[in-house]
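Chemist: As a plain string of letters, each chain reads:
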Amino acid sequence: MTIEEIKITLTNKFSGSIIENEELSDKQIEVEGSKWLEIATFMRDDPNLSFDQLECITGVDTGEDATLQSRYNLHSMEYRHKVEVVINHDKKNPKVPSIEQVWRIGDWFERETYDMFGISYEGHRDLRRILCPDDWEGWPLRKDYEGQESYHGIVVPKIKEEDEWE
Amino acid sequence: MGVLENKFQDNVVVASLDKLLGWARSTSPWYFQFGLACCAIEMMASAASRHDLERIGMMPRSSPRQADVMIVAGTVTMKMALRVKKLYEQMADPKYVISMGSCATSGGPYWQHGYHVLKGVDLVVPVDVYVPGCPPRPEALIEGLIKLQEKIQTERPLTRDLV
Numbered sequence: 017m018t019i020e021e022i023k024i025t026l027t028n029k030f031s032g033s034i035i036e037n038e039e040l041s042d043k044q045i046e047v048e049g050s051k052w053l054e055i056a057t058f059m060r061d062d063p064n065l066s067f068d069q070l071e072c073i074t075g076v077d078t079g080e081d082a083t084l085q086s087r088y089n090l091h092s093m094e095y096r097h098k099v100e101v102v103i104n105h106d107k108k109n110p111k112v113p114s115i116e117q118v119w120r121i122g123d124w125f126e127r128e129t130y131d132m133f134g135i136s137y138e139g140h141r142d143l144r145r146i147l148c149p150d151d152w153e154g155w156p157l158r159k160d161y162e163g164q165e166s167y168h169g170i171v172v173p174k175i176k177e178e179d180e181w182e
Numbered sequence: 003m004g005v006l007e008n009k010f011q012d013n014v015v016v017a018s019l020d021k022l023l024g025w026a027r028s029t030s031p032w033y034f035q036f037g038l039a040c041c042a043i044e045m046m047a048s049a050a051s052r053h054d055l056e057r058i059g060m061m062p063r064s065s066p067r068q069a070d071v072m073i074v075a076g077t078v079t080m081k082m083a084l085r086v087k088k089l090y091e092q093m094a095d096p097k098y099v100i101s102m103g104s105c106a107t108s109g110g111p112y113w114q115h116g117y118h119v120l121k122g123v124d125l126v127v128p129v130d131v132y133v134p135g136c137p138p139r140p141e142a143l144i145e146g147l148i149k150l151q152e153k154i155q156t157e158r159p160l161t162r163d164l165v
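Going down the list, the sequences are from chains A and B. Residue 17 is where the first sequence starts when you use our numbering, and the numbers rise one by one after that. Residue 3 is where the second sequence starts when you use our numbering, and the numbers rise one by one after that.
No lab work stands behind these hints, which were simulated from the structure alone. One or more hints might be untrue.
[Claimed, not checked] So, partial list: chain A residues that the calculated Cβ filter (under 7 Å) puts toward chain B:
#, residue
1, 122
2, 157
3, 163
4, 167
5, 168
6, 169
7, 173
Quick caveat: nothing in here was measured; it's all calculated off a predicted structure. A virtual CB, placed ideally from N, CA and C, is assigned to each residue, including glycine.
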């Protein structure tokens with residue numbers, strides 16, 4: 017199936033939840049965050065789409081007063097087609113339904129994205145940090161992240177920022 | 003030797019006990035076998051047949067309680083720093099630390115922007131020998147170990163310090 021056909025199939029089923037966004041590339045589809053769990057289940061179970069593999073979940077911080085994004089790379093073993101699903105979040109309260117029980121690998125992917133960006137995956141059964149220590153402060157891959165000054169009494173030396181290369 | 007000359011049989015060694023202790027400790031410093039990053043690969047290569055650390059008396063131990071030397075081989079993250087400290091405290095005296103590679107020594111390439119990297123393992127444990135390199139070749143590590151052996155040999159654990 018081409019990306020256009022996938023888009024048409026999804027739009028027929030979930031009209032209004034598939035968002036037209038001209039900034040995206042022709043491999044990407046933007047969907048409404050609140051409907052994501054139903055859309056994901058449909059994309060996995062529909063015999064014509066059959067997205068049986070979740071390859072990756074990525075978080076994106078698009079810059080200052082912009083939003084956070086979750087991006088899901090889906091692949092179909094049966095038809096060998098791929099698509100990237102993009103969901104925009106409100107930066108103040110980023111949350112999206114968890115697809116951990118649709119694709120089981122999503123468990124650790126969502127924990128990683130939660131660890132780095134603080135995106136809350138609602139319905140995840142064990143949403144803890146996966147790489148950073150449990151008592152770490154802040155979300156390291158956000159643009160406005162500031163490192164900790166000390167961690168358990170270990171002082172982190174302040175390193176002077178060099179001037180930007182001309 | 004003076005009055006002691008020719009007074010002992012073949013199997014008796016006469017030496018300063020301090021020197022004997024230094025010799026005994028320096029010729030078999032068993033190291034704690036744990037690696038944190040790519041430096042650990044070089045540490046493994048040093049222990050393997052081509053460079054063979056056992057010819058200078060170094061033998062890997064899997065438990066900190068049996069080890070004399072801790073080779074911090076690799077990037078020490080903040081999460082690991084607490085555990086490195088705990089492992090160091092579990093080792094029995096006398097104990098020594100080698101900081102292997104630029105990451106363990108100063109944070110290395112993570113010096114400026116690595117929010118999660120400890121900027122030098124000497125912030126949590128006392129270091130005896132620093133081995134530079136990224137990662138150091140086995141020859142460099144072996145030189146560091148020989149330097150450590152020389153250091154152990156000069157110690158006088160039984161002699162009281164003159165104040």
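Chemist: Each hint should be assessed against the structure and marked as holding or not.
Modeler: How the hints compare with the structure:
1. 122: violated, 24 Å
2. 157: With a closest approach of 10 Å, the residue 157(A) hint is violated.
3. 163: holds, 4 Å
4. 167: OK, holds: residue 167(A) within 7 Å of chain B, min 5 Å.
5. 168: holds, 6 Å
6. 169: With a closest approach of 9 Å, the residue 169(A) hint is violated.
7. 173: holds, 5 Å
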